[in-house]
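Chains as they are written, first to last, in this note's numbering: chain F, 1 to 341; chain B, 1 to 341; chain A, 1 to 341; chain R, 1 to 341.
Since no wrong hints were added, every one of them can be taken at face value.
Which copy? The list can't say, so a pair holds if one copy fits it or any two copies do.
Dumping the calculated SDA-like pairs for lysine to any residue here, alpha-carbon to alpha-carbon at most 25 Å:
#, residue 1, residue 2
1, Lys66, Pro55
2, Lys236, Asp119
3, Lys236, Gly275
4, Lys282, Trp254
5, Lys236, Phe84
6, Lys14, Lys282
7, Lys282, Asp119
8, Lys236, Arg182
9, Lys66, Gly212
10, Lys282, Arg157
11, Lys14, Phe115
No wet-lab data here; the hints were simulated from the structure.
Predicted model, so just to flag it, every value in this text is computed and none were measured.
Protein chains: 4
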Amino acid sequence: MGRKEFNSYSTDWKPPTYTVDERGKVVDGYTPIGRSNWGRWGEDDVRGTANLITPELILRAAGLVKRGEVFSLGLPLAEDTPRFPARPPAKHYITQSGSDAVVGSPTSAGDLHGFVSNDDAIDLPLQNATQWDGLAHVQTEDTLYNGWWAGNITAARGAEIMGIGNMRESFIGRGVLLDLARHAGVDSLEPGFVIPPEMLDEAIAAQGVEVGTGDILLLRTGYLSRWWSLTTGAEKEAYFGNGEPGLGQGSIDWLADHDIAAIACDTVGLEVLPGEPDEVRKLPVHQALLVDLGLTIGELWDLDTLAEDCAKDGVWEFLLVAPPMYIPRAVASAINPIAIK
Amino acid sequence: MGRKEFNSYSTDWKPPTYTVDERGKVVDGYTPIGRSNWGRWGEDDVRGTANLITPELILRAAGLVKRGEVFSLGLPLAEDTPRFPARPPAKHYITQSGSDAVVGSPTSAGDLHGFVSNDDAIDLPLQNATQWDGLAHVQTEDTLYNGWWAGNITAARGAEIMGIGNMRESFIGRGVLLDLARHAGVDSLEPGFVIPPEMLDEAIAAQGVEVGTGDILLLRTGYLSRWWSLTTGAEKEAYFGNGEPGLGQGSIDWLADHDIAAIACDTVGLEVLPGEPDEVRKLPVHQALLVDLGLTIGELWDLDTLAEDCAKDGVWEFLLVAPPMYIPRAVASAINPIAIK
Amino acid sequence: MGRKEFNSYSTDWKPPTYTVDERGKVVDGYTPIGRSNWGRWGEDDVRGTANLITPELILRAAGLVKRGEVFSLGLPLAEDTPRFPARPPAKHYITQSGSDAVVGSPTSAGDLHGFVSNDDAIDLPLQNATQWDGLAHVQTEDTLYNGWWAGNITAARGAEIMGIGNMRESFIGRGVLLDLARHAGVDSLEPGFVIPPEMLDEAIAAQGVEVGTGDILLLRTGYLSRWWSLTTGAEKEAYFGNGEPGLGQGSIDWLADHDIAAIACDTVGLEVLPGEPDEVRKLPVHQALLVDLGLTIGELWDLDTLAEDCAKDGVWEFLLVAPPMYIPRAVASAINPIAIK
Amino acid sequence: MGRKEFNSYSTDWKPPTYTVDERGKVVDGYTPIGRSNWGRWGEDDVRGTANLITPELILRAAGLVKRGEVFSLGLPLAEDTPRFPARPPAKHYITQSGSDAVVGSPTSAGDLHGFVSNDDAIDLPLQNATQWDGLAHVQTEDTLYNGWWAGNITAARGAEIMGIGNMRESFIGRGVLLDLARHAGVDSLEPGFVIPPEMLDEAIAAQGVEVGTGDILLLRTGYLSRWWSLTTGAEKEAYFGNGEPGLGQGSIDWLADHDIAAIACDTVGLEVLPGEPDEVRKLPVHQALLVDLGLTIGELWDLDTLAEDCAKDGVWEFLLVAPPMYIPRAVASAINPIAIK
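Given these sequences and hints, build the entire structure.
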């Protein structure tokens, strides 16, 4: 097709000028324009900042469990759950139902104590509801994190390199929740509000918590809590159409400085929408985090109940267990993250 | 349809003689023929033995983390993963690929640092690969655990009662692995081998571990490890066709006595196949556990690496975090269970 | 569940009082309340008025081809095609793409003249876009056309009786188009407009055509043509939400009198929506046609281009070839009907 | 990925040396190595030899209807239908069942004459069972028929150029059946048997029929009829694994000379498998027909009943109505072709 500008396709095409080496990495292609973790964990690395979580940190995170309380941070994988509108809803379907049993019931025959079973399946867009964007989800030009070539991801074979299956034992460690809405004294930050890095520092201070190497940082904007009061299709369209609060370009260095392992939030995109006027790239936070830093992003996490609890006991850290589904060549994963306090 | 014998349908039908009350429970229908937990956690209970896991037990389980080592016990959700042959394979498909980016590449145009993304989805039978059988998976006659009516599970609405969504914060607690193959000194127990309850006691003693209230018990037969050497379609057909080692009717009381919260294994059905000659019902272990006891069953768990580690350090207990996907009205769930030692 | 009123479910349930005989037919259940074709083509009939199309009629219909012009009457099976909003859109997906070929291109290697292929699939609700409602689509109470039991249609096995596969050689014969919008001198009849049977007679007279035994009658209300100018989601929601023009209860006898083989239209439901105030049943036209008469209904047919042509040459009859997809146990089928003049 | 030989991928890649012009056509890429129809119907043509069917030919074909007998040539779109093993089976699923109606039955309530409906869907690989390979299905190197670029077919957008939707009014015309098995006096030609072009001429002469411009040619090898007696999975694997009878490179000129509009057969690939030893390309018949000639190929057509009828009445020509499903950007289509005699 050939692309002349963002998100527009033209018919003509000129082959790219880069080549791809034997490992599957782009030669003479894009290289990070800002902070970068390329090469930090070796040339063959496909896990990025997930590498920051060490057994020592996991051990310490387990020590954060003080009461044995469990919080699921996952939205329901259902047709009417909040999701990015361009993606289709999950479709749960039954392949053998209890109603089938009733119409073919052994209670109407001589077979005492009959075994009958039900079965089901789900057709699930992998970035539906609460999710991880894997590192194969976004590239800059044709290049993924650590210089891997986007052409390694095909319809025929999926993500042959950097599939989310590599993360099947990742994202288990210390979670820290920053409740930015509560800190700002509002129910929800407003669409278009750029969270300044100073606000992160202030919330950290106010909550009396620390954020450091290998942590999984959860940001609560409160914007998800607005979803539940929406009733009409038009309201739900506007919910996403109006944009959302989020991080701006100014936070990229902050995140790199703190060496966190992953970041998640209660919005569909983590970064502010509409974008800042001075952006030098489209979705600059996605590109900086996923491509340059190899920092996995979580979206649409349901943090409300957990935030209530943290506000009550004043403890904003916990053991977080949020591995992706083990789909070897997937680019993303729906998840049911578990926080344990 | 009307059913005259197991798994055979006839055309004629007589309505059942039971009725269903306002809560959705069968009146004058099946009641447990052996040990039972019906009513133990109230008439409205839909979680069964998952109720046995208390915050205290979770807190204690977190204390089992000594080294910070993580073990994923999930099989890959891929087309060629082991699965019960009557269910279709998972179908992972790409809806926007990196190869699409290359043919529409911004590197051939003026748009520097272009954002491009990939997307994917999976059509996933929910009992594919490593899974929980939810309590809505199996009924006896038309009655589910705690007397709920199977007719509450429809193609139109899924499991309106006892959907696996109720378990989204469950199955997080102390896991105990019994490596029965290792205990028997074999690579794998043989198909058709009935694991006697005494063998469970002996393995417990030999491993120097205890099993008690609220534990999640993992049984390793070794049979899954045979799968990986199979190459032809015929061999894989025979793998499941020949049956598998598993629990027999004699273990039901043992499981009830120990008040475990859930049980999982490395076979497709937990219970011995082909069944014992003196069975009074089809799949008696499924019926006793899921229907009478409300005890959730895990199948096709990949326990080999964990077992290696446990044999090495002599520690057979760990924090297990194995919540289902949060699909509100599902009867089962594919999972990626995480053990942390 | 038990149902106390239309489309509402309650938890309690009493078994029905009917039984089902060995053929799969309801005994002591619903029988037609008006005109009926039950038994007309035998007790085992599953094709209803499709039986009216004889080889003689097909032969005569082939004689209507005078110019060799072909008209596809099918809407695109695409995500944004008009469809009943309660049904999900079709999802076409590529499993091997041309872009995959480019990134794995043999032109970059020594293999001259390499074979490469593309593959795709569609997840298709069978009543998406242009469709036949099969006779298994609708029942009155628990009884389908000719007395068959609805319980013969299960999630586990599909429509074991009266699946649309029985129609795989049906709906090939003489088609007659009545352009009611043109006859009324409007672009489109209005939502809620009840087409009186007299209007059918008048259009027949004005168009100088006859309608008789075994014909497939196509009614054009013009309402579909309004769809194409809609742009916003809210407009499209209102399009279906406002109802549509269609047949009322008063046309049922007319259709029975004319002994047509099938009827199709350019609306989503054929019958007027919202329904007439004096209806004695919900969707009375569906119930009379599909259940009592065994008369298959076609919906969302794209008749505009054909109508233009018929208006031009004054010929409103043609050979129609509109078999369903051959899905043996389906209740409905998306179709691409072909008119040949 | 980069490809060094057929069907093998390597990690490294060099961009191709061709470019793509504004229309979406390859510049300095592959051009036909034998007979070619490129440019014959204009530079923008996407329908190839389907252009050969004129209204005059359709009119004449309608005149072949002498008895009004209809023959469906489609295999069932069901899980156990014959299909190329590398493609998954069709998955028909019910989203609202008759059994659901029974458990929520209005017959147990006061709502007389209740409307209840059933709904279903199918997840259908588009080359499942009886099908058309569209012209976007196969390319040589990166180039499709008429010089179109394969990169126009993406996971994100499907076949933006030459999608099978362009054919929605095609493949309606004169069909001619050549029963090669009957002609050879066998139930089925053997796997690996190369049908020589002389055999086509002899069958034409023996059947007393002519084949000419714009005809749709149906070849019956009898090999499909062997499928129905297979019972085990191993037998079905061998059925396709052993290859099949079919056309060889020697027939390509014959097909070009006769200027047929399309060709279909009762095997999975039309061309002989395993291929001839002296092949200069992989699947040379596919490449010559689909890429060089723009000649659409039909596969797995069920010709047995039609052949019986033709043998009985000695008439081997008929009106054939075989349009694809109207999926605008699909590369192929499952079909239910209709022959009318």
